[in-house]
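Trainee: Sequence:
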Amino acid sequence: MTLPVFKAPPLNRRTFLTGIASLALAIPARAYAYPMPKRVLALDWASAANILALGITPLAMPEIDRYRQLMVEPAIPASVAELGLRSEPNLERIASLAPDILVMNPQLAALKSRLEKVGEVVFFEPHLLDRADPHPDHIAHGKEQLAQLASQLGATPQCRDYIANFDRDLAAGKVKITQYDGRPLYIISIVDANRALVFGQNSLFQNVLDHWNIQNAWHEQTSIFGHTTITLDQLTANPDARIINIGAQARMAIAIKFGIPVFTSLPAVRAGRIRLLPETLFYGGLPCAHRFARLLADALTLQDTPS
Numbered sequence: 001m002t003l004p005v006f007k008a009p010p011l012n013r014r015t016f017l018t019g020i021a022s023l024a025l026a027i028p029a030r031a032y033a034y035p036m037p038k039r040v041l042a043l044d045w046a047s048a049a050n051i052l053a054l055g056i057t058p059l060a061m062p063e064i065d066r067y068r069q070l071m072v073e074p075a076i077p078a079s080v081a082e083l084g085l086r087s088e089p090n091l092e093r094i095a096s097l098a099p100d101i102l103v104m105n106p107q108l109a110a111l112k113s114r115l116e117k118v119g120e121v122v123f124f125e126p127h128l129l130d131r132a133d134p135h136p137d138h139i140a141h142g143k144e145q146l147a148q149l150a151s152q153l154g155a156t157p158q159c160r161d162y163i164a165n166f167d168r169d170l171a172a173g174k175v176k177i178t179q180y181d182g183r184p185l186y187i188i189s190i191v192d193a194n195r196a197l198v199f200g201q202n203s204l205f206q207n208v209l210d211h212w213n214i215q216n217a218w219h220e221q222t223s224i225f226g227h228t229t230i231t232l233d234q235l236t237a238n239p240d241a242r243i244i245n246i247g248a249q250a251r252m253a254i255a256i257k258f259g260i261p262v263f264t265s266l267p268a269v270r271a272g273r274i275r276l277l278p279e280t281l282f283y284g285g286l287p288c289a290h291r292f293a294r295l296l297a298d299a300l301t302l303q304d305t306p307s
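Following full-length UniProt numbering, the numbering of the sequence shown begins with 1 at its first residue and continues without gaps.
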């Protein structure tokens, strides 16, 4: 028996396009979607801040409440999970989150082999730790490290935008303080009634002063992070300087209010040349330099209030 021969109808343009559209609708949408952004987890504050600066929200990070108190910016979204202590992150929690990339400071290198079982480990250090350089450029190093991190996270355009915005704000700060009287600055953070951290020539804060041509009143040696502990009477070495106190505002205010001699004897206190800045961290790359520059520019436009 001879089977009938089936003849397909002529394929016109409308029939062809309709068929292609139907086929496209039948294929799962994910086949045409862009790759999903990588799931990133931060194991320290500096890594978290720089990831956020790139417009990426990390899955989790350690000590979120303390970050919000001491580092403050960039703000941590409510969706970010808590990992416990920076020195002892919760490894079970990390594994359960199944990140693609884990970003961390090299100081946590001992955890690398265990964390590599979870995802790719990326070391990130935006602070230039060079004991041989008495005046390191932490801002330039921070830019380089942020660009490298952005490349690993697929966020290079966001990095270019952030750095451009940082540079604009730094230049705007210099314009804002055009009328500044040029006094050198002691940049400190009160520890107690007798002691303070003072930040020197190798600090991240120094790099902001350099951009604005402001002298640092402290010239002595400091730690690799740019600070050292001093007694407050050491701030009399340059009687014409202005004091910038970062954080610990309540202790400074109380000390001045109750007339503790070590404070009232300081030339800057008697002349009202003290500025109280909110908390900002002294390491962490561009986000910390960015916050400090904005706060300092605002502070240097204020009038002195002699006591």
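Don't read these hints as lab results, they were simulated from the structure. Fair warning: this is a prediction, and the values are worked out from it, not measured in the lab. Just so it is clear, CB atoms sit at the ideal spot from N, CA and C, and this is done for glycine as well. Treat the hints loosely; a few may be bogus.
In silico PhoX-like links for lysine-lysine, alpha-carbon gap of 25 Å or less [claimed, not checked]:
(1) Lys112 to Lys176
(2) Lys143 to Lys176
(3) Lys176 to Lys38
(4) Lys38 to Lys112
So the derived label-pair ranges between C-beta atoms look like this [as the list claims (entries may be wrong)]:
(5) Val191 to Ser113: 30 to 40 Å
(6) Ala98 to Ser151: 14 to 24 Å
(7) Ile260 to Arg114: 29 to 39 Å
Trainee: Now tell me if each hint is right for this structure.
Mentor: Evaluated hints:
Note on Lys112 and Lys176: the hinted pairing is violated, with a Cα-Cα distance of about 45 Å set against a maximum of 25 Å. At most 25 Å may separate the alpha-carbon atoms for a hinted pair to count; Lys143 and Lys176 meet this at roughly 24 Å. At roughly 39 Å between alpha-carbon atoms, Lys176 and Lys38 are farther apart than 25 Å, so this suggested pair is violated. Between Lys38 and Lys112 the alpha-carbon distance is near 19 Å, which keeps this suggested pair within the 25 Å criterion.
Between Val191 and Ser113 the C-beta distance comes to about 38 Å, which sits within the given range of 30 to 40 Å. Checked against the hint of 14 to 24 Å, the C-beta distance between Ala98 and Ser151 comes to roughly 23 Å, which is consistent with it. For the pair Ile260 and Arg114, the supplied restraint of 29 to 39 Å is violated, since their beta-carbon distance comes to about 49 Å.
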